[in-house]
Structure formats: structure tokens, C-alpha cells
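A.B. asks: Chain residues, written in single-letter form:
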Amino acid sequence: MKITKETVDQVATLAKLSFTDTEKEKIQQDLSKIIDFVEKINEIDTDGVEPLTHINESVNVLREDEAIETLTQEEALKNAPQKDSDYFKIPKVLNK
Amino acid sequence: MYTSFNRLSDDLKSGKITAIDVVKHYLKEIEKKKHLNAFLEVFTDDALAQAAVIDKKINEGSAGKLAGMVIGIKDNICYKGHKVSGASKILEGFESLYHATVVDRLLKEDAIIIGRLNCDEFAMGGSNENSAYGNALNPIQEDKVPGGSSGGSAVAVTAGLCIATLGSDTGGSIRQPASFCGNVGLKPTYGRVSRWGLLAYASSFDQIGPFANSVEDIALLMEVIAGKDDKDNTASHQAIEQYTQFDTTKKYKIGVPKDLLSGEGIDKEVFSFYTSFIDDLKSKGHEVEEFSFPYFDYMVPTYYILTTAEASSNLARYDGAHYGYRSPNATDIESTYVLSRSEGFGEEVKRRIMLGTYVLSAGYYDAYYSKAQKVRRVLKEKTEEVLQKVDFILTPTTPTTAFKIGENISDPVSMYLQDIFTVYANLVGCPAISLPLGNHSNGLPFGMQIMGKHFAEKEILSFSKSLDNAS
Chain A
1 MKITKETVDQ VATLAKLSFT DTEKEKIQQD LSKIIDFVEK INEIDTDGVE
51 PLTHINESVN VLREDEAIET LTQEEALKNA PQKDSDYFKI PKVLNK
Chain B
1 MYTSFNRLSD DLKSGKITAI DVVKHYLKEI EKKKHLNAFL EVFTDDALAQ
51 AAVIDKKINE GSAGKLAGMV IGIKDNICYK GHKVSGASKI LEGFESLYHA
101 TVVDRLLKED AIIIGRLNCD EFAMGGSNEN SAYGNALNPI QEDKVPGGSS
151 GGSAVAVTAG LCIATLGSDT GGSIRQPASF CGNVGLKPTY GRVSRWGLLA
201 YASSFDQIGP FANSVEDIAL LMEVIAGKDD KDNTASHQAI EQYTQFDTTK
251 KYKIGVPKDL LSGEGIDKEV FSFYTSFIDD LKSKGHEVEE FSFPYFDYMV
301 PTYYILTTAE ASSNLARYDG AHYGYRSPNA TDIESTYVLS RSEGFGEEVK
351 RRIMLGTYVL SAGYYDAYYS KAQKVRRVLK EKTEEVLQKV DFILTPTTPT
401 TAFKIGENIS DPVSMYLQDI FTVYANLVGC PAISLPLGNH SNGLPFGMQI
451 MGKHFAEKEI LSFSKSLDNA S
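Sequence lines, in order, name chains A and B. Here my numbering is used: the first residue of the first sequence is 1, the next is one more, and so on. Here my numbering is used: the first residue of the second sequence is 1, the next is one more, and so on.
One chain only, chain A, in its complex shape (with noise of 0.2 Å):
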């Protein structure tokens, strides 16, 4: 199926990704060509196949809810590209 540019704006849009006019004209055939590739998979039946989400055969594995500590608060920040003492900080949201 062909990818148009349209649609790579707007799955772009969804996955908080930008691109350049020339790199978007490859995506654009990239994806195209691997859709077409993986479309094969049409030709099996799967009428009345449940999809499969879980491999692996355990069921909930449960135990107590208990509170620990996993991070401190310096941990959390510790790689954060700009913080203050308690919080990460971001660009301005609202301007005035």
C-alpha cells in the first residue's frame, strides 16, 4: 500500500517525531515498501483466531502490597536535564 505524505504527517504528529522534507520523502517510501512487505501475512487465515497478547503461560503472580522506597527524590533527579531541589523543570507551558 502506498504511504502518503499526509499519512506521515499525521503518524509523525502522534509520535512526537519531526522531519526534514528530504528525510520525510524517504520515510515515505521506507514505510511503503516495508508495509507492502509485511502485508504478506494476509494471506493467512485467521478466522476465528484469538490474538495472541501473553506468551508466556503464568497467570497473575501475586504478592504483598507493600510500601517500600525504590528511587529517593535525589535519585529520580539525578539525570534530569535541568531541575531545581525538588522538581524537574521544563520549558514555560503558558506564556502570559
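Hints are not guaranteed to be accurate.
Calculated pairs, EDC-like style, for lysine to aspartate or glutamate (alpha carbon to alpha carbon, straight line, at most 16 Å) [unchecked claim]: (1) B:LYS83 - B:ASP46; (2) A:LYS26 - B:GLU348; (3) B:LYS380 - A:ASP45; (4) A:LYS24 - A:GLU6; (5) B:LYS380 - A:GLU50; (6) A:LYS16 - B:GLU347; (7) B:LYS56 - B:GLU109; (8) A:LYS24 - B:GLU343; (9) B:LYS65 - B:ASP10; (10) A:LYS16 - B:GLU334.
Simulated from the structure, these hints should not be mistaken for lab results. Computed from a predicted structure; not experimentally measured.
Once you have looked at the hints, place chain B on chain A.
C.D. replies: Using the frame of chain A, we list chain B on its own:
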């Protein structure tokens, strides 16, 4: 030096050599073969400090079962206080806040972790060419790829830069590079090894597993890293076995997919080795049964729909807000997300996020994602039927030997087809090993793949051990 752990362990215990000597030896080798680009970072000081502690423990007789085993880990496995990047710019500078369960278990048994190893970005690729830090070179022929995504892990073992390594395998990322570099690589059963602390790519496919020069070392590592884990609910509670207690006398029933016997799409020499290997097994008293399995053409397509869908969801966490790379051009929250992701991720990762987002999006979900999940069930059930009649399914690991750097990079589909035999095990959750049995006239090695029933690691390893020249 030592190519496997058994002899080294004896020499350490008898005092013939110290753990510090061993680490120093490998540090020198790593430096000497730096151009292979196997390691993204060498933990020099920590490895030496750890070796000193272990030497003391050996003297006191309190050392663990991996004492002195020098191990490299793929750069998608967390080691507290050390950097981990998934070979991606988006995690540049990120430091692990906790140990992956596998790292915790290695350290508890006194292994020495010497560094983190190059790979394709977020384990997406089959050649190590998608690393943000340059490709690793195949140590046997340096103009060839080492395979991927765990390329550095395979290179390090073959080039003698450490004794064993850990990689991760989502569609062949351990077995394909093991085949290309000529060592042993095992993808365990889905759920046999905890994924806690593994940077997630496709969570219903990913498994951590070992690379080594010998089947014994693989078995020993599995005894240490496998087993249930409170931190990963998909890690099975089924008891682990004594993998190092090999039963090499047992005769097995080996299944061979008839559909491969035309040899189509397989290198001539790889194919002729495969067929003569089958005959060889018969002469050793194993039973070989051909079975019909007309699904190979559907595996790679099913794999790409499902793994990219899972990846698009897993990689949503890289948002430029909480950790990792943030674009200096971000002016508000939307541009923080979009620019950080667009500048931070490499081309193949973006391609897969786009495909995954597409197959999950409204209007396409049923046609692609849900359809592929149904096909996955068909594959799993048909495979279970086969594995009721035979113990193992035998195929080549890869259709060819290692290809030239750059040869497949421009065509994603031809790159994806490299995975045709390996994705099978991940789609159905089965364990599979690649054994370095073949040698091509072009000078490169190639592997044979043995896949077994869920949790049949012990049988696979015993059978592997019985194939003499495998170790």
C-alpha cells in the same frame, strides 16, 4: 590466555594466577583492539577494584561460582552507578540508578564486569551499524559486520576481550552475531531470565542471554542469571535446572522443516553444511524427522509489525523531560518532546517508531497489529504441535555469513530478511542456541541453530555439548 572459564577458575583457585592479572590482561587486549569498537566504555577502575576484592575472597575460600569471570554487558543492561545508553544519543550521559537483575546476580557470584558493549541503537538492527557510536568490526574479517544488535557482545568474546558477555535477543540479536563471529549464543525461553533493568525494545520478545566460547560457560551463566524475580512478573516461577550437569548420551528426535530443504534463499555452502550436518546427526544415532512448516515467509513480517508496535510504545518514555537528551532548541513542552526525540533518536529507531505508530493507529490496528497477533498464535500453536513430536527444530542460524559493512544498510527489507530463522524463536517464545559449527570457504564462520520447547534449556545445552566441536 583463557578462552573459557573452567581452566581459569582452576588456576585462580590454585593461586597460579590472580583475578587482578586476569583483568589487567583483558584491559590490555581491549586497548590493543580498540579499533574493533566493541566497548563503548571500559570500567577500568571498578573492574580492578572488584578483582582485588575477589582475590581476597578466593584466598579466604568464600568466592562465588563466577569468581574471576570477566564479563562485558551489552549497553542496554543497567549497572548501578554506571552509564547506559542503548547506543543512543538520546541517553547520552544517563547513569543507571539500579542494577538489572542479571547484573545483581552476576556480581553476587563474584563476576567482574569490565565494560559496556556496542550494539545497534536500542537493540534495533542486525549489523551494529545503527549504533550512535559507530559500528563494531567483525574480528575475523574487519570489513564485515559483526552482526547485531548485540554486535559488541559477540566481538568481545571472539576477539578475546573478556571471557563471556551478555546480550539481548528480540529477533536474533544474540544468535545472529554469534553466528557471524563464531561463538556460542543462547536466547533463553521467554520468561526464563528477568528483564528487570533491560532497556525495553519489544517487551513480549526481549530476552537477555549469554555469549561465550563454550557451551559450559553458557550453561554456568544460565544457572546464575535465570529464575524468578519479584521485579519482573513475566519472569517464570518454574524452577531452574542444573544446566551444567550435561547428559551427552541421550539420543534426540530432531525436526527439520521440509520447506527449507529446497535451499532457496540460503547460501550454497551454508545449505550444504546444514544437510550434511543432518546426516551426521543420523549417523550419531539421533532420529531426524522432516516436517512441513509453510510459515517461514510470514515470520519476519509478523515480527516487524509486533515489535515496532511495542517499540513505539516503549520508546514513548524518551521525552526530553525527565532524563536523557533535551534539545537546546526546545521552547515549550511540545517542542521539548518533538525536538528532543527527533534529534536524539537515530534513523532506524525513528523508522521503527513510525511503523509501530502506524500499525497501532486508528483504522489500521485491526488490519496489521491485531492480525499479526493472530498470526503469532497460529505460529505458536503449529510449533507446539511440531515440538510434541520432536525435541528440537534445527535450522541454520543465518542464511549467509557476515556481510560487508554498508552492504544492506540502504534497504531495510533486505536487512530484515537476515533474521528469517532467528525471529522464529522470539515469535513463539522458545529457547534457541547458535553453535559455531560451520566454516565457509570465504573464511567466515556460521552457526547452526537448535530451538527447543519452552524451558528446554537443559536439553538444548546437553545436546549442544554432545556435538563435540561445539566447545
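A.B. asks: Hint by hint, note whether the structure agrees.
C.D. replies: Evaluated hints:
no. : hint               : result
1   : B:LYS83 - B:ASP46  : holds (13 Å)
2   : A:LYS26 - B:GLU348 : holds (12 Å)
3   : B:LYS380 - A:ASP45 : holds (15 Å)
4   : A:LYS24 - A:GLU6   : holds (10 Å)
5   : B:LYS380 - A:GLU50 : holds (12 Å)
6   : A:LYS16 - B:GLU347 : holds (15 Å)
7   : B:LYS56 - B:GLU109 : holds (14 Å)
8   : A:LYS24 - B:GLU343 : holds (15 Å)
9   : B:LYS65 - B:ASP10  : holds (11 Å)
10  : A:LYS16 - B:GLU334 : holds (8 Å)
Violated hints: none; the structure is consistent with every hint.
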